[in-house]
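Chains P and G are the protein sequences, given in the same order. Mapping the first sequence onto our numbering, position 61 (from 1) lands on 61, and the numbers just tick up by one. Mapping the second sequence onto our numbering, position 232 (from 1) lands on 232, and the numbers just tick up by one.
These are calculated hints, taken from the structure and not from any lab test. The structure presented is a predicted model; accordingly, all values stated were derived computationally and were not measured. Everything hinted at is true.
Quick list of the computed label-pair ranges, beta carbon to beta carbon:
1) G:58 to P:12: 16 to 24 Å
2) P:12 to G:218: 42 to 50 Å
3) G:229 to P:15: 55 to 63 Å
4) P:49 to G:58: 22 to 30 Å
5) P:38 to G:62: 27 to 35 Å
6) G:108 to P:7: 18 to 26 Å
7) G:68 to P:49: 36 to 44 Å
8) P:12 to G:179: 52 to 60 Å
9) G:237 to P:8: 47 to 55 Å
Short derived list, chain P residues pointing at chain G, Cβ under 7 Å:
10) 24
11) 26
12) 30
13) 32
14) 59
Rough simulated footprint, nothing fancy, chain P against chain G, three-plus residues with beta-carbon under 8 Å:
15) 22-35
16) 38-51
17) 64-77
18) 91-97
Ideal Cβ positions, reconstructed from N, Cα and C, are used throughout, including at glycine.
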Amino acid sequence: MRINLNGEAVEVETTRLSDILEECGYHGERIATAVNGEIVHRQSRAETRLDEGDRLEVLAPVVGG
Amino acid sequence: MPDSSAVNFYGVALDSALLLGTARYPSPAVLADAIRASRTEVVTVSLRRESAGGGSGQKFWDLIQDLGVRVLPNTASCYSVKDAVTTAHMAREVFETDWIKLEVIGHSDTLQPDIFGLVEAARILTKDGFKVFPYCTEDLVLADKLLQVGCEVLMPWGAPIGSGRGLNNVYGLKSLRAHFPDVPLVVDAGIGLPSHAAQAMELGYNAILLNTAVARAGDPVAMAGAFRDAIIAGRAAFLADPIEMSDLATPSTPVIGKAFLT
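The following block holds chain G by itself, in its conformation from the complex (with noise of 0.2 Å):
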């Protein structure tokens, strides 16, 4: 079952289809148990400011170790290409690793990305030797200026962030994966249920980033679980090739041999 929902990011193969944030969690207990019934194998996380003596920041990150997951460090809350280029170098110091989920935001009620300084930002890191996980809008052309400056891996947004309105723009995330058939894509951000985790992996999307359907739910370990389930069964789905829609009905018990009783 691994097997239908693997997927690689910049050479490193995963077993899980799922990537998971670590924010908003009632505890970190139930944090770690999410993180166990998701199964996911990558986590995101952030940098804050730390205060003198208060050790939080390494609890936090042998937390982390301790369930064996890789990290993919955020730039949350830049909002230039400075701010997000330091945060992306500060980043791979603490958590040892050039995976860097790249964030410039240029709009602060619907966090969605600025996408001039993203391409910008993306060409500086890649050429600082980053593996750059862009978080950017299904624009065709964005895209493709974020793939000539380096990116391996393009993450679409599916709705603004913590929003759980699921998938926006079906047709442009379709598009999307139509145009660029051999890059990796998450669906990053949006999510709230699921279903709208299974319809983007129906749609040959090969991975979905979430945190807050998970972290807010009333249950968040049962719905770690849940997603995990969701994004298997809509993996399995899209490489089983989908019937098409169809606007007439199409009788599927034969109508040949049907009975004459009236």
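The shape of chain P in the complex, shown without the other chains (with noise of 0.2 Å):
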């Protein structure tokens, strides 16, 4: 299915958040997680399914002011 991942379109294989992380490439980083604005806690992210269009944002920590 196609999905929105930080802006961008990809398509993934899997409906699960963690499966959906780790098959774009994120492999245990320090990161935060929202779907469609909300926010999804690392506990949950294997219970979360994605749809069709859903917008994922993985974020980690950079520098600021």
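With the hints as a guide, bring the two chains together.
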């Protein structure tokens, strides 16, 4: 199915968030996730399923003021 | 010397009254050296989109961890309550702290806070267990409302973020200090020179949060040291009870005993 990952359309084969992250190349990094604007905590990623067209945000630490 | 700069945020006592931003440095190495030179114990950080497999977030996190400083995540660039609240929750998970520098921006040119959204977001986040550091203006009514919803620190701007203009409204900042003598107050944003930081500390402010003035200086590490010293000096001056200004001159050398030579 096609989802939107950090503003870009991507094709994924899996539906569980934890699997999608692995499929997209996020391997255990220090990240936070949100689906359609709602935070999905680390412990909920395995039970969270995405649908066609869902917006996934994957955020990580950066410099800030 | 460090005792004169001691500040306490939400029960955490710090020896340094300088909070330093981590953005806009020429390189990670210069950032690390500037943090060391500043002797800050708190640095601000943020969250942004991470490319798959990039690992840049983890590298930055490791750098900060190695420096042994506490982090204060921000909600920079959030223009709505929802955006700021969600970002704060994501930051708490990533940075493992309930401290949050709450920014709800209301105007893109000046980066002036949306004070109405700020109070609402602060109310929600305090209920959610956050220790909120609100980036606000020097408005007394706003300050009162932020305290009412649970903030125990206030961070009024000196001038617009990154402008380096110093303290735009000294009267307003003095008034805020006078009205809330027991609340930790941090001048956040607009500081351009160590003298600006010293001035705020001389007014009785408890700490200074700055970024660009150090990061974009010709020598960020040297400037970090200059701010460190200025903030210590400003705090010491406040504690030493400065004299009042006068419109008239007062001779400092004794007049009595002056010879008559003409």
